[in-house]
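Protein chains in written order, with our numbering: chain D, 1 to 421; chain G, 1001 to 1329; chain X, 2001 to 2286.
No wet-lab data here; the hints were simulated from the structure.
Hints may contain errors.
Here are the computed lysine-lysine pairs in the DSS-like style, where the Cα-Cα straight-line distance is at most 25 Å [to be verified]:
| hint | chain 1 | residue 1 | chain 2 | residue 2 |
| --- | --- | --- | --- | --- |
| 1 | G | 1109 | X | 2281 |
| 2 | G | 1305 | X | 2176 |
| 3 | G | 1320 | X | 2090 |
| 4 | D | 306 | D | 186 |
| 5 | X | 2090 | G | 1305 |
| 6 | D | 64 | D | 313 |
| 7 | D | 420 | X | 2129 |
| 8 | D | 186 | D | 268 |
| 9 | G | 1109 | X | 2129 |
| 10 | G | 1305 | X | 2281 |
| 11 | D | 186 | D | 154 |
| 12 | D | 317 | D | 76 |
| 13 | X | 2281 | G | 1319 |
| 14 | G | 1008 | G | 1320 |
| 15 | D | 168 | D | 268 |
| 16 | D | 33 | D | 168 |
| 17 | X | 2129 | D | 284 |
| 18 | D | 394 | X | 2129 |
| 19 | D | 154 | D | 111 |
| 20 | X | 2090 | G | 1111 |
| 21 | D | 111 | D | 33 |
| 22 | G | 1321 | G | 1305 |
| 23 | D | 268 | D | 420 |
| 24 | D | 268 | X | 2129 |
| 25 | D | 179 | D | 268 |
| 26 | D | 284 | D | 394 |
| 27 | D | 268 | D | 64 |
| 28 | G | 1321 | X | 2281 |
| 29 | D | 420 | D | 313 |
| 30 | G | 1321 | X | 2176 |
| 31 | D | 30 | D | 179 |
| 32 | D | 179 | D | 33 |
| 33 | D | 135 | D | 111 |
| 34 | D | 408 | D | 179 |
| 35 | X | 2176 | X | 2085 |
| 36 | X | 2129 | G | 1111 |
Read off the chains here:
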Amino acid sequence: MQLRKRSTIAVLLVLALSLMVCSSAFAADKVIKIGVLFPLTGPAAVSGQNCVNSVLAAADVINKANPDINAPLAAKVGLLDGYKIEIVKADHQGKPDVAKSEAERLYNQEKVFAVIGSYNSSATKPASAVAERAKKIFMCGCSSSAALTERDYKYFFRHAPTDAIESKEFVEYIEYLNKEKNAGIKTLGLIYENTEFGKHAAEEAHKAAKHTGLKVVADVPFNNGATNLNSEVQTLKAANPDAVFGAALGGDYSLWVRTMKQVNWLPKIAINYCTGYQNPAVQKELAGDGDHFMGGMGYSPELAKKFMPEAIKIEAKYYTPRSNQPFDSDSIQEAVMLFVLAQAIEKAGSLDTEKVAQILRTEEFPSVMSLSGTVKFEPGGQNIHALSVITQIKDLDYKTVFPIKYQKAQPVFPMTPWDKR
Amino acid sequence: MFKNKADKLWYGFIAVAFILPFVPGVIGGSFFGHVATMILLYAAMAQSWNIISGYCGQTSFGHSVFFGIGAYGAALAVVNFNSLPWYGAPLGMLAAAVVSVIISYPCFKLKGHYFAIATFAIVEIFNRLFMIWDTIGGALGLDYPILPDGWVNFSWSDTKNGYYLGALAIFILVFSVVRWIERHRMGYYLRAVREGQETAESLGVNSTVVKLSAMALSASLAALCGAFFAQYNYRVDPPMVMSLDMSMKFVLITILGGLGTFWGPFLGALVLIPLQEYTRAYLSHLGAGVDLMIFGLIIIIVMIKQPLGIMGLIRYFTKKKNVKREGDA
Amino acid sequence: MSNFVQVLIDGILSGLLYALVAAGLSMMWGVMDVINFAHGEFLMVAMYLCYWIGEILGIDPLFSWIAGGIFLFLIGALTYRLIIKNSLGKAAMAPLLATFGLSMLLKNFCMNRFTPNFRLLSGTIMEGKTFQFAGAIVSVPQLVTAIFSLAVLLGVYWLIKKTRVGWAIQATAMDKEAAELMGIDTENIYLLVFGIGGACVGVAGGLMTTYLAVHPEVGGLFSLIAFVVVALGGFGSIPGALFAALLIGLVESFAGFYIAAVVKYVAVFAIYLVVIMIRPKGLFGW
Chain D
1 MQLRKRSTIA VLLVLALSLM VCSSAFAADK VIKIGVLFPL TGPAAVSGQN
51 CVNSVLAAAD VINKANPDIN APLAAKVGLL DGYKIEIVKA DHQGKPDVAK
101 SEAERLYNQE KVFAVIGSYN SSATKPASAV AERAKKIFMC GCSSSAALTE
151 RDYKYFFRHA PTDAIESKEF VEYIEYLNKE KNAGIKTLGL IYENTEFGKH
201 AAEEAHKAAK HTGLKVVADV PFNNGATNLN SEVQTLKAAN PDAVFGAALG
251 GDYSLWVRTM KQVNWLPKIA INYCTGYQNP AVQKELAGDG DHFMGGMGYS
301 PELAKKFMPE AIKIEAKYYT PRSNQPFDSD SIQEAVMLFV LAQAIEKAGS
351 LDTEKVAQIL RTEEFPSVMS LSGTVKFEPG GQNIHALSVI TQIKDLDYKT
401 VFPIKYQKAQ PVFPMTPWDK R
Chain G
1001 MFKNKADKLW YGFIAVAFIL PFVPGVIGGS FFGHVATMIL LYAAMAQSWN
1051 IISGYCGQTS FGHSVFFGIG AYGAALAVVN FNSLPWYGAP LGMLAAAVVS
1101 VIISYPCFKL KGHYFAIATF AIVEIFNRLF MIWDTIGGAL GLDYPILPDG
1151 WVNFSWSDTK NGYYLGALAI FILVFSVVRW IERHRMGYYL RAVREGQETA
1201 ESLGVNSTVV KLSAMALSAS LAALCGAFFA QYNYRVDPPM VMSLDMSMKF
1251 VLITILGGLG TFWGPFLGAL VLIPLQEYTR AYLSHLGAGV DLMIFGLIII
1301 IVMIKQPLGI MGLIRYFTKK KNVKREGDA
Chain X
2001 MSNFVQVLID GILSGLLYAL VAAGLSMMWG VMDVINFAHG EFLMVAMYLC
2051 YWIGEILGID PLFSWIAGGI FLFLIGALTY RLIIKNSLGK AAMAPLLATF
2101 GLSMLLKNFC MNRFTPNFRL LSGTIMEGKT FQFAGAIVSV PQLVTAIFSL
2151 AVLLGVYWLI KKTRVGWAIQ ATAMDKEAAE LMGIDTENIY LLVFGIGGAC
2201 VGVAGGLMTT YLAVHPEVGG LFSLIAFVVV ALGGFGSIPG ALFAALLIGL
2251 VESFAGFYIA AVVKYVAVFA IYLVVIMIRP KGLFGW
């Protein structure tokens, strides 16, 4: 009696174990692990979490059958032969040393095929250095520092226009306004957070301004997280530039806007690099005060309606339920990078890093979430079809004002003074 | 050579630590290799802080300045001068020692919390000044180019063995310095100043020279650790190294392990570093910041329950055991 | 000239704000010799509270600051009872490090629950209102905050100097054992001091929601400035804290405009070092 009971249990155990082994082997077979490395805590956590949600949305489009979405790899389930993408999250807390060790952990321990990251350029640098040394692929959506693609890396690919490209565009817009509308913009002021991001953007602004004879009369770096921006805005007001380029993240952006309101000063035109201006949540908090500011963006709901309708579908189906807001132009680019990577893997037909990297370096990829519609990388990793437009916000609506091809509305120029709002 | 139990423990530990990278699969490219290297590095950092704060009683929150100077020393050599970190690191150590003496001399006039706040102020000043000092990188920082692996460049990409052995060497250096201090007159002077500066002076101890020497020594060793940090992370910028956060690490690890004790800094690192690394790696899915919340909670509990740190716990239990033994006889 | 007046007024107003934030810290330090590392996070908690009260209940910060004060009084008292009491006197840095742990806990708790998003109230009564004075523009929310700050500081000063409770506090600060021998319940005094300290920063936080965005990291720089203000003024001295805060506010404002905005905090910390070298116990310290 005892023997039968014991042997039954033994048999059942063996069966259960083998089932577990089989099913895990089953599961393990058809999974492509992709790491996402973003600041999930710390000062940039808002954007980091949006970036992760973007990638998750893209993964859902690829993994599930989405016949209603007209995008590569959307209709079928997964890619290659029934492989599904598994996203492995990692938090670098905004610290470059953590980014470096998390990148290593993702590649070596989690055995991810590639990493998408890392928002802060200062974190993207060491993380992608790890990838390059290990000969692994690193996809970067929205880090803006031009230095990232000036390193001659072979495994690094970046979607966003650099702060160099954006600076040129801002200056071109000013030239256009001067020529076509007699705007008379001669002087430029810069206000930026004194970090890697802000400093590099300011340097590019200086270079671009020099080319067109725009005179920089105020160069105001500020300490991010400052208790007030009184001195900074005072300095701007005293110099009274016609145009201001700004690089301030979230909370500092709203403090800057409110402080300018307080001292009753505005430039004729204010254009922002990718920052607090582009964050719909920040603009919602600012309400009417944020109106008439401008910024460089690769995405806005209005642009999407005309040029990227599939993005709107993806947003409604998989992004807004996760993040309670529409796509913003920073984080959407991370989703694009997953799409591009997946297409490259599909084309390579296998998970051979060298093959996939070679395809990434040479091919052109259709992209339903990119304004220009395609993505192609030049040597060094920069996307040569990177496109951003200048938008102006009014009543929480980002209206495109430049380039003319994409223009939806006439700009309000000069910015309506505070007492006339 | 093995005079007593303490010696046996020390040499035994070094032997074991040295063998680890040669055991296949233990260090290599593993996450454990990263954690082990960080334990050794942070233990060395904490021990360097222990010299001035534990043994000499001057609690400084400014050590990240010296750490940062060392990091910049190494990084500048590699990035700006196309040279080797082996030249930059000693220069950084020297610079840190000089800076430490210059800023400590006036600060030692201050007592208690005033001194502590002054060290905060110094970190903030250095941080912001380095952020606008464009010649050495400013806010952009210094990024390492990709160089051939090996001891010459002190850089490896596929295995942590080299870094581990480097960190072990620094660990042995710093801990040996402290061993020497404990057994020689310097240690007595330090402790005399810590226990009562006026009394020590009345006995002929020049407390200013003692404090400044301890500070210079402490700063240069912290700078050496900083140089390693820059090499390990392929990058340096002011918020990475010259921040209050980094200063607090020096403080927390030492106090958690046991201020003013020999093994304290190591024990503190042994507990805090894996905690920090593993909670971030494996608990961050629980939601943003949960790992840091747990970290904060643990610090609170330790400070309430056993502020003398792990060494305090160990001594408490061994005392109980000894008392019991005496009672039995 | 109008630039000068503007910079002067800005400096005075932000100095008064710093004074309110630092007043509570000065008491904690003076009576118990404790540096509360979580002071900036207390500020953050008060700001979140009044933000949510404004956002959900629609009550303007001009009134909800009372809630900020009361809630932070409780938090302060709780911090004393659970954390400070059990770490005092045991080892040199224990209360300081314990409050450091508390600051990590509070900051990340708020980040976890409220997301890291920056939150700013719109449509408040005082929002954006300004008036002209001597060629400079004065912000009404900041002016109101400064007036409140003066009122609270005067109130606390009067409490300490003119009431029995205040004398008991002073006695406890001077000599704990002697005070106990005189029949003063020092335990309650400590509780009260931490509570009042919390309440001060709670009021400050509540009023600041009128013009500053809340987010988990907002307390960081305020903490550091509060430490410097208290040390500069001399611990335990309310007039010292006021004077030092004004000095710091003015240095920040003038350095920020006439030298460069990016070094305004360098100037603040440098001024601290300069003054403290001349007077190692702070301006009014004893």
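Run the structure past the numbered hints and jot down the numbers of the failing ones, going up. Hints 4, 9, 10, 11, 13, 16, 27, 28, 29, 30, 31, 32, 36 contradicted; others consistent.
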